[in-house]
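Peer 1: Work the whole structure out from these sequences, hints included.
Protein chains in written order, with this note's numbering: chain P, 1099 to 1803; chain Z, 1099 to 1803.
A few of these clues could be false.
For chains that are exact copies, the list does not tell them apart, and a pair is met inside one copy or across any two.
Listed below are the simulated SDA-like cross-link pairs for lysine to any residue, each with C-alpha atoms no more than 20 angstroms apart in a straight line [said to hold, decoys possible]:
#, residue 1, residue 2
1, Lys1125, Tyr1627
2, Lys1724, Gly1124
3, Lys1122, Ser1166
4, Lys1135, Arg1624
5, Lys1641, Tyr1460
6, Lys1585, Ser1344
7, Lys1635, Ser1788
8, Lys1585, Ile1363
9, Lys1797, Ile1632
10, Lys1585, Ile1364
11, Lys1651, Val1697
12, Lys1797, Arg1123
13, Lys1125, Arg1624
14, Lys1797, His1223
15, Lys1729, Ala1345
16, Lys1797, Gln1628
17, Lys1651, Arg1397
18, Lys1174, Asp1373
19, Lys1660, Cys1446
20, Lys1797, Arg1624
Since the hints were made in silico from the structure, they are not lab data. On a predicted model such as this, the values are computed, not experimentally measured, just so you know.
The primary structure of each chain is shown beneath.
Number of protein chains: 2
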Amino acid sequence: DGSAVESLDYEVIENCAYRQEQAKRGKIFRAYTILVKWILASLIGTGTALAAVFINISVENFAGWKYSLTFNIIQKSYFAGFLVYMLINLALVLSSACIITQFAPAAAGSGIPEIKGYLNGIDTHGILLFRTLIGKIFGSIGSVGGGLALGKEGPLVHIGACIASLLGQGGSTKYHLRSRWLQIFTSERDRRDLVTCGCAAGVAAAFRSPVGGVLFALEEVTSWWRSQLMWRVFFTSAIVAVVVRSAMGWCKSGKCGHFGDGGFIIWDISGGQEDYSFQELLPMAVIGVIGGLLAYWRRNYLHKRGNRVKVVEVCIVSVITSVISFGLPLFKKCTPCPDTDANSGIECPRRPGMYGNYVNFYCGEKEYNDLATIFFNTQDDAIRNLFSAKTIHEFSAQSLLTFLVMFYSLAVVTFGTAVPAGQFVPGIMIGSTYGRLVGMFVVSVYQKLNIEEGTYALLGAASFLGGSMRMTVSLCVIMVEITNNLKLLPLIMLVLLISKAVGDAFNEGLYEEQARLRGIPLLESRPKYQMRNITAKEACGNKQVVYFPRVVKVMDALSILKSNNHNGFPVIDHTRSGETLVIGLILRSHLLVLLQSKVDFQHSPLPFSSRDGPIPIRHNLTEFVKPVSSKGLSIHDIHLTPDDLEMYIDLAPFLNPSPYVVPEDMSLTKVYNLFRQLGLRHLLVVPHASRVVGMITRKDLLIED
Amino acid sequence: DGSAVESLDYEVIENCAYRQEQAKRGKIFRAYTILVKWILASLIGTGTALAAVFINISVENFAGWKYSLTFNIIQKSYFAGFLVYMLINLALVLSSACIITQFAPAAAGSGIPEIKGYLNGIDTHGILLFRTLIGKIFGSIGSVGGGLALGKEGPLVHIGACIASLLGQGGSTKYHLRSRWLQIFTSERDRRDLVTCGCAAGVAAAFRSPVGGVLFALEEVTSWWRSQLMWRVFFTSAIVAVVVRSAMGWCKSGKCGHFGDGGFIIWDISGGQEDYSFQELLPMAVIGVIGGLLAYWRRNYLHKRGNRVKVVEVCIVSVITSVISFGLPLFKKCTPCPDTDANSGIECPRRPGMYGNYVNFYCGEKEYNDLATIFFNTQDDAIRNLFSAKTIHEFSAQSLLTFLVMFYSLAVVTFGTAVPAGQFVPGIMIGSTYGRLVGMFVVSVYQKLNIEEGTYALLGAASFLGGSMRMTVSLCVIMVEITNNLKLLPLIMLVLLISKAVGDAFNEGLYEEQARLRGIPLLESRPKYQMRNITAKEACGNKQVVYFPRVVKVMDALSILKSNNHNGFPVIDHTRSGETLVIGLILRSHLLVLLQSKVDFQHSPLPFSSRDGPIPIRHNLTEFVKPVSSKGLSIHDIHLTPDDLEMYIDLAPFLNPSPYVVPEDMSLTKVYNLFRQLGLRHLLVVPHASRVVGMITRKDLLIED
Ligand SMILES: Nc1ncnc2c1ncn2[C@@H]1O[C@H](COP(=O)(O)OP(=O)(O)OP(=O)(O)O)[C@@H](O)[C@H]1O
Ligand SMILES: Nc1ncnc2c1ncn2[C@@H]1O[C@H](COP(=O)(O)OP(=O)(O)OP(=O)(O)O)[C@@H](O)[C@H]1O
Ligand SMILES: [Mg+2]
Ligand SMILES: [Mg+2]
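Peer 2: Okay, structure coming up:
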């Protein structure tokens, strides 16, 4: 059921407190607001970039150290080497699982479905807290460094969103790290913009792909977009690019250990295939179809058992992963190195602890192990090897197939365990493996053409990601930005179109499915077809509407709130002639604040009259704001004396005087569009009006400054 | 005043005719609709791509022929050469001006402001007609081939939009080229999606930049976006890329004359500067500032005089352009060719009629004329030369400065004349000139660094375009796609940020300004600040609302329609108890259709009762659709006999029973957001309701299939 999740209120509530606050704000304050927005955007960019660099440095160093150590030990004993390898992995993964289960449960998984839900209007408990941020950062280091079949890119989106939200509220409340100066964006509405920036920053930092970040936020994550936001989101991504680039420049001199080799482009294949012939389009289409099908077959599990079971489960997965990634290459025969071209700069076998193709593992002088090159390696390196050009016949079909089956199964099992787990890099691994397989086949069929297996690996990666995530433009741009090869763009587009079409024919996208598993009721952008035949009135059913009177006795208010768990109530008043009139909508959360603070209680059951002067507002607007990612006040937090219960509250100053309304016979399709496009939480269904006060047309909205 | 322009109706009008039509549609029809959508998308892509190729082939051949001829003649006589050059230009430009003034007046200018207006909800007369398409294609060939300081890229967006709209209505009505099979998208709402695809296709074809096209449509042109649309727009762009690429491949063998050399990437500078140092950021920021300022100083004129004056004006501009572009290089001394590097493939001087740097013009054997290289050349070639790397010191500062001043003035004068005129390429010319000037300065200051002047030219171009059009992400992607240099992305972002900020500090963007000049009242995405303090009721003023009764006498209907020029009227009915009730909104255009067709006239003043069975609909839904880009029916087209005037019409089956309504005290900010986000035309301001029938929350909208 949906009772665990709560919607967010993105509507501007134009009550008296809001209007008074607005009236106070002068030009200087507006200028200051704009300034703070840009400062926050650059802070979000910087913060996310630094977090990404930190995670990268840690992961690369853990992994580099792990592989060098293991490599050194296996010169003496395979078993000791395996034991060390397995134990290091286990320790890293265990630390990650403990952080998640004990300290930050909301940091498990990729986090993108939750953020998507947040921007769609659904609050998941705890996703934007400081502890979640910390848990996500250190948890990712453990799970990725521990060699599990998952990535750090999805978590970085969540990290970006957390950083954005925390900066937006001026720091963490719980840890008393708040700055008063940044604390002017308190509404959910403002926070939504910041979180959008954070998402883009996350992708930009993860893939060093600033344009891709903007598009990802736009296409995949947000449900809602303003063109003004594009500009700020773009700025945030630019900051990320600049900071990451500077940090990498600084690391180049070796200050960051194993991190810092390689350029800004993650998997640069700009030296690869430049052109393609029409015969190649068929195998490429086949790659698209495979991508769609494999992504569809992939199942998502969510492990919901107790904490201990979760930790044990993660440990088992880690051990299995270690056994497979160490054991399988052992059974694979070594391959003699090809005649290396001195110019290409590709060493065979590569030196231990360095980047490159042709991992030596247990092999002899001039030999390498192709399965170890992809299995006994960090995922980034494995992908670089799979994408690499001028390395035809590096891998045997048998090795690739083994790897594909094993890694695919590992990825399915790993996902849903209690560690931060991104889906991008495993997807790229799987996709590029079958892509390279197809590429090997194509190379052997069309021997005359200048074909690179790496190109097919890239297309495979695109097809698998497209088939699972169903992104289009953003994925295209990300693939181009991570490989620096613009010439392949039409081909990437082609496989994406096919794999997405194949996937769409069967099921929903990965993130939608995960959101469903996690109980996040996303509102899709398109209304369902049968909504055309339902009217707004029918959609509400025959439920009796729960009203509040304008002046309510505290006792009655309490009992109404206790009698149901609705979150918004229409408020009715009576005109002089005795007719009822709906004067607005009051939120449960605002009522609870009023009941808790008690300052507005009055003895008289008479409403406040405008003849008594302006309504005194005894509250600051921020009191009504629900803290980020928490349940807010509950009815059980209210403690009232018997005297209090006999008092009254006039709700008029606190209600939303102009909630959105729809006539009762509007079709649900139109209602849906209104609800979804404006990001609403409540919509009142009302009878037809008795008269029209005026008509608003374009002319009325063309006001000059 | 805004009386000349009309709004478009994007709202779904759920009247009886619509509901009956919906009920008839089965699953097969829905599948067919989806199929047709995709077929249309690919046709739009193919059509736009072919139009672009046709324009390119024509322009390149006219220009190539013109320059070779002139070059041959000036070997004998400068004056004869100039005369031929001037006359060819004049002939081309004159033909363009005649097409525009005599045949397709709506094809003048860039067309982007009009299309932007269309997607914002404003119809400009004639912009999407078949004749406009033809006029735009041939007009562009004349004006660009005639060497004026304007481009063909903006017009291509308009061409794409025209093709989309024509395909959407199944062909041209006037020329009886219609296909019944494609004719299922008759509403403005469907047409809007198609036109969006067309815009993206236009940019994709103009710059061979598929991703850039999607982003341009999203960021600059549309006011409204659905994520489903992204997918289809992207598909259209992909088709464009494939078709253009195939056409270019076909042309490579020389079948298309001067067109077809050069790759898919227009100004490939991937061999240029790879990295940059921090010292360079300052001059780059300066470029950004210059871009913002120059773009701000640039004025827009719209020449509104009679047709003859317009033609004469264009001819004068053409002659001045010819004089300047031929004469100025004559005064410039020739420069000896640099020691050419045999490897670089750059010839000096280049052979006549070929692409390349170092135009010889009147110079000797081993000399070239730097001013002629940019002036006496097609704009595409000039830009290629300005962007080119490894040609340090090709241009003298004096030549660049002369060119900048002259071309800037020409661009200002040319724009607003009666020819199709794009703003992209002139903007790139201007920007790359001052960019290269700054680059020359930087090269001479930081002599040790590996700096290419061409990089600065590219940044200059980005800064000028950013400063004038105020696009961000789309411009970035377009710049990367036309130059194939991803490494410069952070730098392009930087200059764009600065130039846009500088521009925004002074005025609005180019397209907004042009829209204003042309009287297109765009609704910006952000509401004005003072709207917070205005309520919906205040915004309507104290105008008396013009109602229609449910059953109206034909005579009264006519007189109401004549008495005002509103386009929508609330319809009121009376309940049994005698109270009035607003039962919907009727559009003027629908009323006119009813009055013209007369089939719904009845003798009795009694409303149709539901006891008499289902309401008979004697109209096809398409009868109510306003033809594209035309004024539709007017009150003067209605001819009624005295008998007719005494009859009645029951409006109930034809009205929109669920128009959007807002309560009277909603702030105009909220109203604006509603109006703009849903693309409305009419919004009824109503008093507070007397009761609430139900509440719609997220739970009510989560309906399973
Ligand atoms: N004040 C009310 N009176 C009567 N019915 C209501 C009222 N508010 C909501 N409902 C109905 O109750 C159902 C859902 O209740 P609820 O208020 O919990 O909303 P929700 O969809 O869970 O959203 P939220 O996340 O805001 O709680 C809906 O079907 C809605 O029609
Ligand atoms: N039925 C009506 N009764 C009274 N006033 C109306 C009515 N319809 C529109 N108005 C008012 O008339 C003014 C504009 O008139 P008009 O109907 O021409 O709209 P418009 O803004 O020009 O849009 P369009 O492009 O649809 O004509 C607005 O200020 C609006 O408040
Ligand atoms: Mg609820
Ligand atoms: Mg009007």
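Peer 1: Under a CA distance limit of 20 angstroms, which applies to Lys1797 and His1223: within one copy, between copies, both, or neither?
Peer 2: between (44 angstroms within a copy, 18 angstroms between copies)
Peer 1: From the Cα coordinates, with 20 angstroms as the cut-off, is the pair Lys1122 and Ser1166 best called within, between, both, or neither?
Peer 2: neither (64 angstroms within a copy, 70 angstroms between copies)
Peer 1: Is the C-alpha distance from Lys1135 to Arg1624 at most 20 angstroms within one copy, between copies, in both cases, or in neither?
Peer 2: between (31 angstroms within a copy, 16 angstroms between copies)
Peer 1: If the cutoff is 20 angstroms on CA atoms, where do Lys1660 and Cys1446 land: within, between, both or neither? Let me know, please.
Peer 2: Neither: 73 angstroms inside a copy, 88 angstroms across copies.
Peer 1: Cα distance capped at 20 angstroms. Does Lys1585 pair with Ser1344 within a copy, between copies, both, or neither?
Peer 2: between (28 angstroms within a copy, 14 angstroms between copies)
Peer 1: Within a copy, between copies, both or neither: where do Lys1585 and Ile1363 come within 20 angstroms Cα-Cα?
Peer 2: both (16 angstroms within a copy, 9 angstroms between copies)
Peer 1: I want to check one pair: Lys1125 and Tyr1627. Are their C-alpha atoms no more than 20 angstroms apart within a copy, between two copies, both, or neither?
Peer 2: between (47 angstroms within a copy, 10 angstroms between copies)
Peer 1: Is it within a copy, between copies, both, or neither that the alpha carbon of Lys1797 lies no farther than 20 angstroms from that of Gln1628?
Peer 2: Between. Shortest inter-copy distance 16 angstroms satisfies the 20 angstroms Cα cut-off; intra-copy 36 angstroms does not.
Peer 1: Checking Lys1585 and Ile1364: alpha-carbon separation at most 20 angstroms within a copy, between copies, both or neither?
Peer 2: both (17 angstroms within a copy, 12 angstroms between copies)
Peer 1: Regarding Lys1729 and Ala1345, is the shortest C-alpha distance of 20 angstroms or less found within a copy, between copies, in both, or in neither?
Peer 2: Intra 39 angstroms, inter 60 angstroms, cutoff 20 angstroms: neither.
Peer 1: At most 20 angstroms between C-alpha atoms: does Lys1651 with Val1697 qualify within a copy, between copies, both, or neither?
Peer 2: This pair counts as within: shortest intra-copy Cα distance 14 angstroms, inter-copy 60 angstroms.
Peer 1: If the cutoff is 20 angstroms on CA atoms, where do Lys1797 and Arg1624 land: within, between, both or neither? Let me know, please.
Peer 2: Between copies only: 16 angstroms across, 30 angstroms inside.
When the structure is compared with the earlier hints, violations turn up for hints 2, 3, 5, 12, 15, 17, 18 and 19 and for no others.
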